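Protein chains in written order, with the working numbering: chain A, 1 to 240; chain B, 1 to 198.
Calculated directly from the structure, the hints in this document are not laboratory data.
Some hints could be false.
The calculated lysine to any residue pairs, modelled on SDA-like cross-linking and capped at a C-alpha distance of 20 angstroms, are [what the hints assert, rightly or not]:
(1) A:45 to B:21
(2) B:23 to A:22
(3) A:226 to B:116
(4) A:45 to B:89
(5) A:45 to B:145
(6) A:45 to B:169
All values derive from a computational prediction rather than experimental measurement.
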Amino acid sequence: MSTRARQDNQLGYVLHTYPFRETSLVVETFTRAHGRVGMVARGAKRPRSALRGSIMAFQPLGLSWSGRGELRLLLRAEWQGGQPRLQGRALLCGFYLNELLLKLLPREDAHEQLFLDYQTALARLGEEAEPGAVLRRFEKALLRELGYALALDRDSASGAQIEPQGSYAYEPERGPVSINGGAPAGLVLSGRTLLDIVRDDYRDPQTLQQAKALMRLLISHRLEQKPLNSRRIFEELQQL
Amino acid sequence: MKPPSSLEALIEALRCLPGVGPKSAQRMAYHLLQYDRDGAQKLCASIGQALQSIRRCAKCNSFTEDEICALCSSPRRDAALLAVVETPADLLMMEQTLAFPGMYFVLMGRLSPLDGIGPKDIGLDRLLARATDGVVREVILATNFTNEGEATAHYIGEMLRGRGIKVSRIARGVPVGGELEYVDSGTLAQAVVERRPL
Chain A
1 MSTRARQDNQ
11 LGYVLHTYPF
21 RETSLVVETF
31 TRAHGRVGMV
41 ARGAKRPRSA
51 LRGSIMAFQP
61 LGLSWSGRGE
71 LRLLLRAEWQ
81 GGQPRLQGRA
91 LLCGFYLNEL
101 LLKLLPREDA
111 HEQLFLDYQT
121 ALARLGEEAE
131 PGAVLRRFEK
141 ALLRELGYAL
151 ALDRDSASGA
161 QIEPQGSYAY
171 EPERGPVSIN
181 GGAPAGLVLS
191 GRTLLDIVRD
201 DYRDPQTLQQ
211 AKALMRLLIS
221 HRLEQKPLNS
231 RRIFEELQQL
Chain B
1 MKPPSSLEAL
11 IEALRCLPGV
21 GPKSAQRMAY
31 HLLQYDRDGA
41 QKLCASIGQA
51 LQSIRRCAKC
61 NSFTEDEICA
71 LCSSPRRDAA
81 LLAVVETPAD
91 LLMMEQTLAF
101 PGMYFVLMGR
111 LSPLDGIGPK
121 DIGLDRLLAR
131 ATDGVVREVI
141 LATNFTNEGE
151 ATAHYIGEML
161 RGRGIKVSRI
171 ARGVPVGGEL
181 EYVDSGTLAQ
191 AVVERRPL
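Required output: the full structure, derived from the provided sequences and hints.
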């Protein structure tokens, strides 16, 4: 929590904006030093507003604001550059990252490591053709920052090390449990997948696929089953 | 004193207008009832009339009183060109340029995943039907250069290219008559990235 009312040139990103009164915007930001901060950009929808062009998601900005309330007053947003614009599918992935942050990260809680992870993810989304691994790394980092330590390398029932050849049932509050014969309910993962996720190694297609299912399960659990709009819309767009 | 219930209902109804909060709605309601009952009558009649007679143009999806709007039925327009814009205001802006001889399709929105607005909400199926009518040869994507507008353009482009239609995107860069010294950095950076050979 900041003690000073005024902050100058803080590195941050716009996560989302929505209209506020006639010509203003509420701007949800994610800043390096202050975490998620909500701000009002007064008059930002006017044609000549200095804020108009720069309030854009996925671009690093130097943000200045004042005030102490729930919503601060955005004073300046200066373009920092260096991040190529996201396009096409990468753009949709960017929206997904922003929705995760908006729905899971509480306001005014600094998460510097997660901020760096977010920056890395955006940079990689701009470069890589296959976004799967980028999204999985970020989801894992986000869960860790939220205090949800992923249990991946030990069987949570026996405490034994995970065997790459084994099969494990995974429950959100419990972790992996070896399947011995019996048909388990819920998500089943291979030992190899669990060990690959520990190392953030997503080269194996089966790992990538199972990691996606695991992250989806854990994130839904954290969201208490509230749906993610960006995921639904991504699926709808695939059907076009 | 508690206001009468039909007054309360009027105040509540006025709040549906953008930018009108409880205080403004109350002021408007008192004004209409006290000083301008004729105006109120006119407002009431014209809202009713508009609701009844205005609908979406079967071709461009914009507002019209006819089955097909004047622009879409004009023989002087080039039916082989179709520009896709987000709102009727964007259409008017394009018309003011006098640079575009073709037809339009108005999405009445844009894809906005964070607001839950997807392809079904902006009538992409109607656009697909319009663009594949056999007459349209090129679709020009004139959605905004916001992230949402870009995502919309990308997916419309994918959808139409897959069906063999030529798709283009309006260019962006330094404004006409603009001096580099006063252009914002984001625009200039993008203009350098998207530079073209001479």
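The hints, checked one at a time:
1. A:45 to B:21: Judged against 20 angstroms, a Cα distance of about 19 angstroms means the pair holds.
2. B:23 to A:22: holds, 15 angstroms
3. A:226 to B:116: OK: residue 226 of chain A and residue 116 of chain B at ~13 angstroms, within 20 angstroms.
4. A:45 to B:89: With Cα atoms ~15 angstroms apart, residue 45 of chain A and residue 89 of chain B stay inside 20 angstroms; holds.
5. A:45 to B:145: holds, 15 angstroms
6. A:45 to B:169: violated, 24 angstroms
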